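Heads up: the sequence lines are chains A and B, in that order.
FYI, the numbering used here numbers position 297 of the first sequence as 297, with every residue one higher than the one before it.
FYI, the numbering used here numbers position 213 of the second sequence as 213, with every residue one higher than the one before it.
Keep in mind that the hints were calculated from the coordinates and are not lab data.
Just so you know, these numbers come straight off a predicted model, no measurement behind them.
The C-beta atom is built at its ideal place from N, Cα and C for all residues, glycine as well.
It is possible that part of the hints are untrue.
[Stated by the list, open to error] Beyond 12 Å from chain B on every Cβ pair, some chain A residues (computed):
1. Gln7
2. Gly20
3. Pro60
4. Cys62
5. Val75
6. Pro82
7. Asp111
8. Ala233
9. Ala235
10. Asp262
11. Asn288
12. Asp299
[Stated by the list, open to error] Computed footprint of chain A on chain B; a stretch qualifies when at least three of its residues, placed anywhere within it, have a C-beta under 8 Å from a C-beta of chain A:
13. 38–48
14. 75–82
15. 213–225
[Stated by the list, open to error] Below, in silico cross-link-like pairs of lysine-lysine (DSSO-like), each with a Cα-Cα straight-line distance of 27 Å or less:
16. B/Lys78 - A/Lys268
17. B/Lys273 - B/Lys309
18. B/Lys193 - A/Lys259
19. B/Lys276 - A/Lys268
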Amino acid sequence: MKTITEQNLRALVDALISDGKRVVGPRVAGTMTLYEPLTGGAELALGELPRRSAKETFLPLCETILTYEQGKEAVHLGDVDPVRLPETVLIGARPCDVAAAPVLDAVFSWDYRDEFFLERRRKTTIIGLACTGGDDACFCTAMGLSPADSTGSDLFLTPLKGGSFRCDAITDKGTALLAAHAGLFADGTGEPLPLAEPALGALDLEKIRAWLDGHFEDPLWEEIAARCAGCGACAFLCPACHCFDIVDEGGTAKGARRKSWDACGFGKFTNHASGHNPRDVQPQRYRNRIMHKFKYYVDKFDQRLCTGCGRCIRACPVGIDIAAVLEEINDK
Amino acid sequence: MTTTAHTIDPALYAAATAALRQEARTVLENGTAAAVIGWQAGRRAGSALPAIVTDPAGAEQLIFAPGCVNNLALYLTKAKKEVRGKGRLAIVVKGCDLRALAGLIGENQLNRADIYIIGIACPGVYGAHADRRLPLAEETVAPKCRECTVHTPTGVDVTVGTLPDLPAFTPREAAELARLEAMTPAERWRFWKEHFSRCIRCYACRQVCPFCYCEQCLCDRNRPQAVETTPRPAGNMAWHIVRAMHLAGRCAGCAECERVCPMDIPLNLLNRKMAKELKALYGFEAGLEPQEKGPLTSYREDDDQSFIK
């Protein structure tokens with residue numbers, strides 16, 4: 001078995017950066033921790049769950065997909081070539097973030113292959129990290145995952161007593177990374193630190209899906225969601241939510257077509273050009289959120305669009321708690 | 001540092017909760033209101049969430065606790081038509097929330113006669129990232145509560161709960177504002193640029209604001225697009241300037257925008273700065289009394305025009 005000391009883990013970040021790779025990891029940013037490109041191993045901050053999820057490694061908050069400029073004779077279009085995206089290592093990502101990557105693969109390679117997303121995925125090696133600290137918003141275990149789940153990771157780190165990490169290569173990408181930096185790893189073993197203990201008990205996810213199947217119309221939606229403020233905080237912080245908008249910005253002379261995050265909680269999300277809005281009030285929008293995560297996505301891709309990270313619960317301005325909603329449905 | 005003198009006695013909230021439940025049951029039973037908007041306990045320790053109770057038996061789920069952070073005036077705006085559609089509403093308000101009601105009445109968004117206001121004597125609520133397992137104290141109290149002057153609301157239909165002398169918390173917002181004002185314009189620009197660069201345009205600040213009730217927000221328009229909607233520096237800066245200007249002279253200071261910002265942008269600092277400017281320039285303050293016209297929505301011949309160069 002391979003292990004790596006914390007010092008060598010930071011040295012690994014430095015080595016990867018000097019190899020010309022983009023290294024993204026948790027980093028202290030003002031009052032919070034965010035997954036951001038690191039400039040050195042010293043910046044790696046593994047102490048708390050980053051405020052935003054790791055999805056932006058593959059699905060940036062905002063990206064330009066083409067540019068245009070009015071020339072004298074013609075309009076010049078600039079295609080952004082996804083092939084030029086940098087080789088990336090995502091390091092120190094929590095299991096609830098990493099498990100979302102294969103979930104997103106399904107939707108971005110389905111009827112349309114999103115080359116921006118897929119090229120980033122192809123070029124990224126993920127080093128996951130077992131989770132030793134959580135709070136009462138965490139519910140990964142209720143989603144069938146665990147604080148030590150390596151789903152989606154290429155290499156997986158488990159914190160050991162004494163400060164070093166056990167390293168398990170999960171995929172060929174992980175094995176290759178391990179081999180390329182073999183000098184930083186050692187043979188050995190150790191006692192794992194106790195894992196985080198999510199507060200929520202087990203849920204019968206199939207029962208929940210079956211209930212949703214028969215309750216598109218139900219008083220529950222209004223009871224829960226009349227209070228919903230209709231912001232995008234839950235969706236934007238979610239590792240699995242992936243709706244995006246495409247807009248042209250700029251003037252007639254020049255501008256860009258950009259893709260940025262969108263959210264089904266927004267009142268305008270389903271607004272038609274005619275003015276008709278099929279999801280006219282907030283409870284209908286919240287229903288869509290739950291249905292999409294626990295029914296539609298399961299029906300279509302046999303995966304759930306939720307990994308139990310709890311970010312939506314922590315961030316909700318009006319205290320809506322998706323775990324409590326699932327518990328309520330589970331108890332019906 | 002925690003001292004006993006600076007900890008709020010949890011019994012105060014328990015007593016207010018009992019009185020609140022009684023009042024809510026009464027108004028639902030006697031038909032004063034079709035629904036009571038209050039707070040109920042959440043699943044997580046110390047958490048609370050807005051509750052819309054229509055059944056007298058449901059009054060039992062209402063609570064008042066340090067976790068009752070929300071300004072419920074949001075639910076009286078036309079943005080929440082599913083709530084307004086229920087009929088005459090009773091609403092539970094803390095003193096700070098009452099300012100928003102006065103503002104909405106002044107802007108003809110509400111008729112005072114159409115609502116029943118249950119004021120609640122409030123010793124304070126938790127700050128955004130407080131550990132809600134702890135009692136309310138110096139480290140856990142919301143910044144706005146440190147400088148609160150309206151612990152017991154007045155001009156309401158009924159007040160529930162009573163307050164003893166409360167501990168004085170150390171003010172912070174005034175100090176932050178002074179720090180901001182001491183900066184050069186270039187430093188201040190850099191300060192806000194840095195904060196706004198983190199904005200993800202989730203619009204939580206807009207959506208919880210009782211005064212952001214426009215059915216068509218300028219920032220959602222795309223034909224023509226007035227403000228870039230993508231979370232990039234130019235659009236972010238424009239959005240926050242639009243927000244601050246639209247709230248100047250209207251903002252009730254509930255600080256909900258700042259509380260809910262997932263990116264910890266100190267939005268209330270901007271609101272307070274605007275309020276201060278409005279007071280200095282026009283002698284105007286958004287307050288507890290409904291006022292039909294604010295300085296930025298009215299014209300007077302003697303308005304200061306020295307800024308026109």
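So, going through the hints one by one against the coordinates:
1. Gln7: The assertion about A/Gln7 holds, with a minimum of 31 Å to chain B.
2. Gly20: Holds: least Cβ distance 26 Å, greater than 12 Å.
3. Pro60: The claim breaks: A/Pro60 does not keep its Cβ more than 12 Å from every Cβ of chain B (closest is about 10 Å).
4. Cys62: violated, 5 Å
5. Val75: Per Cβ check, A/Val75 is outside 12 Å of chain B; nearest 19 Å; holds.
6. Pro82: holds, 19 Å
7. Asp111: holds, 25 Å
8. Ala233: violated, 5 Å
9. Ala235: violated, 8 Å
10. Asp262: violated, 9 Å
11. Asn288: Nearest chain B Cβ is 15 Å from A/Asn288, so the label holds.
12. Asp299: The claim stands: A/Asp299 keeps its Cβ more than 12 Å from every Cβ of chain B (closest is about 28 Å).
13. 38–48: Since three or more residues must qualify, the claim that chain A covers the stretch 38–48 of chain B holds, with 6 doing so at under 8 Å.
14. 75–82: holds (count 5)
15. 213–225: This one holds; 3 residues, not fewer than the three required, reach chain A with a Cβ under 8 Å.
16. B/Lys78 - A/Lys268: At roughly 16 Å apart (the allowed maximum being 27 Å), A/Lys268 and B/Lys78 satisfy the hint.
17. B/Lys273 - B/Lys309: Cα-Cα ~23 Å, so holds.
18. B/Lys193 - A/Lys259: Between B/Lys193 and A/Lys259 the Cα gap is close to 22 Å, so the pair holds against 27 Å.
19. B/Lys276 - A/Lys268: violated, 34 Å
Hints 3, 4, 8, 9, 10 and 19, counting from the list given before, are not met by this structure.
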